[in-house]
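S.K.: Residues per chain are reported as follows:
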Amino acid sequence: MPVDLLYFSWVREAIGMGGETLELPGDLVTVSDLIDWLAMRSEGHARAFAERARLRAAVDQVFVGLDAPLGRPHEVAIFPPVTGG
Amino acid sequence: MPVDLLYFSWVREAIGMGGETLELPGDLVTVSDLIDWLAMRSEGHARAFAERARLRAAVDQVFVGLDAPLGRPHEVAIFPPVTGG
Amino acid sequence: MIRVLVRHEPIDPAAEFAALQASGVGGIATFLGVVRADDGVTTLELEHYPGGTEAALRRLVGEAVARWGLAAAAIVHRVGLMRPGDLVVFVGTAAAHRAAALESCAYLIDRLKTDAPFWKRETRGAEARWVEARETDSTAAARWQDS
Amino acid sequence: MIRVLVRHEPIDPAAEFAALQASGVGGIATFLGVVRADDGVTTLELEHYPGGTEAALRRLVGEAVARWGLAAAAIVHRVGLMRPGDLVVFVGTAAAHRAAALESCAYLIDRLKTDAPFWKRETRGAEARWVEARETDSTAAARWQDS
Numbered sequence: 003m004p005v006d007l008l009y010f011s012w013v014r015e016a017i018g019m020g021g022e023t024l025e026l027p028g029d030l031v032t033v034s035d036l037i038d039w040l041a042m043r044s045e046g047h048a049r050a051f052a053e054r055a056r057l058r059a060a061v062d063q064v065f066v067g068l069d070a071p072l073g074r075p076h077e078v079a080i081f082p083p084v085t086g087g
Numbered sequence: 003m004p005v006d007l008l009y010f011s012w013v014r015e016a017i018g019m020g021g022e023t024l025e026l027p028g029d030l031v032t033v034s035d036l037i038d039w040l041a042m043r044s045e046g047h048a049r050a051f052a053e054r055a056r057l058r059a060a061v062d063q064v065f066v067g068l069d070a071p072l073g074r075p076h077e078v079a080i081f082p083p084v085t086g087g
Numbered sequence: 010m011i012r013v014l015v016r017h018e019p020i021d022p023a024a025e026f027a028a029l030q031a032s033g034v035g036g037i038a039t040f041l042g043v044v045r046a047d048d049g050v051t052t053l054e055l056e057h058y059p060g061g062t063e064a065a066l067r068r069l070v071g072e073a074v075a076r077w078g079l080a081a082a083a084i085v086h087r088v089g090l091m092r093p094g095d096l097v098v099f100v101g102t103a104a105a106h107r108a109a110a111l112e113s114c115a116y117l118i119d120r121l122k123t124d125a126p127f128w129k130r131e132t133r134g135a136e137a138r139w140v141e142a143r144e145t146d147s148t149a150a151a152r153w154q155d156s
Numbered sequence: 010m011i012r013v014l015v016r017h018e019p020i021d022p023a024a025e026f027a028a029l030q031a032s033g034v035g036g037i038a039t040f041l042g043v044v045r046a047d048d049g050v051t052t053l054e055l056e057h058y059p060g061g062t063e064a065a066l067r068r069l070v071g072e073a074v075a076r077w078g079l080a081a082a083a084i085v086h087r088v089g090l091m092r093p094g095d096l097v098v099f100v101g102t103a104a105a106h107r108a109a110a111l112e113s114c115a116y117l118i119d120r121l122k123t124d125a126p127f128w129k130r131e132t133r134g135a136e137a138r139w140v141e142a143r144e145t146d147s148t149a150a151a152r153w154q155d156s
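Protein chains in written order, with our numbering: chain S, 3 to 87; chain F, 3 to 87; chain P, 10 to 156; chain B, 10 to 156.
I should point out that these hints are in silico values taken from the structure, not numbers from a laboratory. The structure presented is a predicted model; accordingly, all values stated were derived computationally and were not measured. Glycine included, each C-beta is placed from N, C-alpha and C at the ideal position. Incorrect hints may appear among the rest.
As the list claims (entries may be wrong) - Covered stretches of chain P (chain B as the covering partner; in silico rule of three or more C-beta atoms under 8 Å from a C-beta of chain B): (1) 18-28; (2) 45-59.
Stated by the list, open to error - A few chain P residues that don't get close to chain F, going by computed Cβ distances all over 12 Å: (3) Met10; (4) Arg76; (5) Val100; (6) Ala108.
Using the sequences and the hints, build the whole thing.
M.R.: Given below as structure tokens:
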């Protein structure tokens with residue numbers, strides 16, 4: 003099933019789009035594996051995902067660590083640490 | 003020099019007035035001594051000052067304990083524990 | 010901006026917010042005390058110590074401004090006759106950092122409860138009684154002395 | 010009353026306050042975040058995660074209501090383009106006891122700073138930059154986990 007990838011803030015700017023819908027390979031175990039795989043899609047992706055410590059993620063709208071299991075999500079968002087309020 | 007005595011809340015009600023101006027005797031050392039002396043002025047005063055643990059005081063608008071030195075004040079207020087806010 | 014006011018007129022929280030916002034800093038914390046509408050009280054009367062009240066509130070605000078480096082602080086307290094739902098007190102603080110605003114706001118309302126000369130009398134139907142001070146208020150005020 | 014709102018329109022603190030006051034309880038605490046006017050910022054843009062933001066805020070408010078037994082709680086966060094002096098966020102809580110209102114208000118703004126997907130971009134004249142997250146915000150949010 004296709005998964006909605008969402009990008010925000012400078013991750014969105016580096017990739018050049020706010021999101022994309024992709025069929026994921028079956029061997030991605032963690033969120034970090036997904037990021038590794040996405041990083042190969044373009045120079046923009048590689049640049050956006052270069053510094054892992056500066057990335058945060060939400061799987062189906064729940065904040066998770068990058069080492070969390072990916073499961074079979076509908077929606078994964080990748081973004082910098084948040085700065086609201 | 004005469005001193006303004008001020009009474010609030012049920013202290014005021016028991017004494018039957020919001021305040022009085024009196025010449026104090028020279029031998030009152032603490033606020034508690036002043037209250038002992040005032041308690042002899044009327045039945046209302048005696049009733050108002052019967053339970054010392056329920057009284058608070060301010061000397062020249064500064065909250066003090068009843069064992070605080072009286073000094074030579076312009077104004078002494080005697081009242082129950084406060085309940086604002 | 011330092012604002013200390015004891016008044017009979019209703020409190021306007023929007024005007025108080027705006028005055029704090031004008032300080033230009035990033036964080037504003039407020040506490041608003043409301044006459045409870047859920048325990049049978051029909052009217053509430055607030056007595057205070059004219060002159061002594063303002064002096065006590067100014068002292069508290071001065072301490073908070075110095076301790077937390079506030080850009081603005083306000084205490085507006087209503088006195089006289091009130092009804093359930095009415096605002097009794099507005100406490101507001103403004104600071105560059107939110108922790109300073111939040112902590113100083115809690116400090117001011119905690120200290121006001123034990124150190125400012127106000128007395129409440131509640132009426133329930135035909136029966137009126139002076140509100141008793143609560144032990145928990147003394148405990149709340151005391152916690153600010155250690156830190 | 011639980012109110013969670015993410016919106017482009019300016020925040021009206023008086024309306025938000027009135028909604029909390031309608032809960033009928035004795036204590037209301039609020040925190041208002043303001044675009045700072047004192048550090049050269051000309052505009053501030055707030056990006057967020059539509060859907061994900063509301064879900065995160067509802068989760069935080071639900072936790073606060075359960076933990077402190079609140080009668081009402083509100084988070085209203087503005088997004089889009091703002092200027093110095095504008096309100097970014099309104100957090101408000103209402104409870105029978107003031108400590109519950111004050112603590113839960115601090116909890117909500119601390120947790121919002123680390124757990125709600127908003128991102129700020131500041132413009133100073135011709136230069137724009139994404140605001141970096143602050144270590145102190147993580148520390149502030151973490152203190153609520155032990156108690």
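S.K.: A separate judgement is required for each hint: does it hold in the structure or not?
M.R.: Right, here's what the structure says about each hint:
1. For a cut-off of 8 Å, the count of residues in the segment 18-28 of chain P with a CB near a CB of chain B stands at 3, and the three-residue condition holds.
2. Look at the segment 45-59 of chain P against chain B: 3 of its residues bring a Cβ nearer than 8 Å to a Cβ of that chain, three or more, so the hint holds.
3. Non-interface call for Met10/P relative to chain F: holds, since the shortest CB-CB distance, roughly 21 Å, exceeds 12 Å.
4. For Arg76/P, the non-interface assignment is confirmed: its Cβ lies about 19 Å from the closest Cβ of chain F, beyond the 12 Å cut-off.
5. Not every CB of chain F is more than 12 Å from the CB of Val100/P (nearest about 8 Å), against its label as outside the interface.
6. Non-interface status of Ala108/P relative to chain F is upheld: no Cβ of that chain comes within 12 Å, the nearest being about 22 Å off.
In this structure, only the earlier hint numbered 5 is contradicted, and the remaining ones agree with it.
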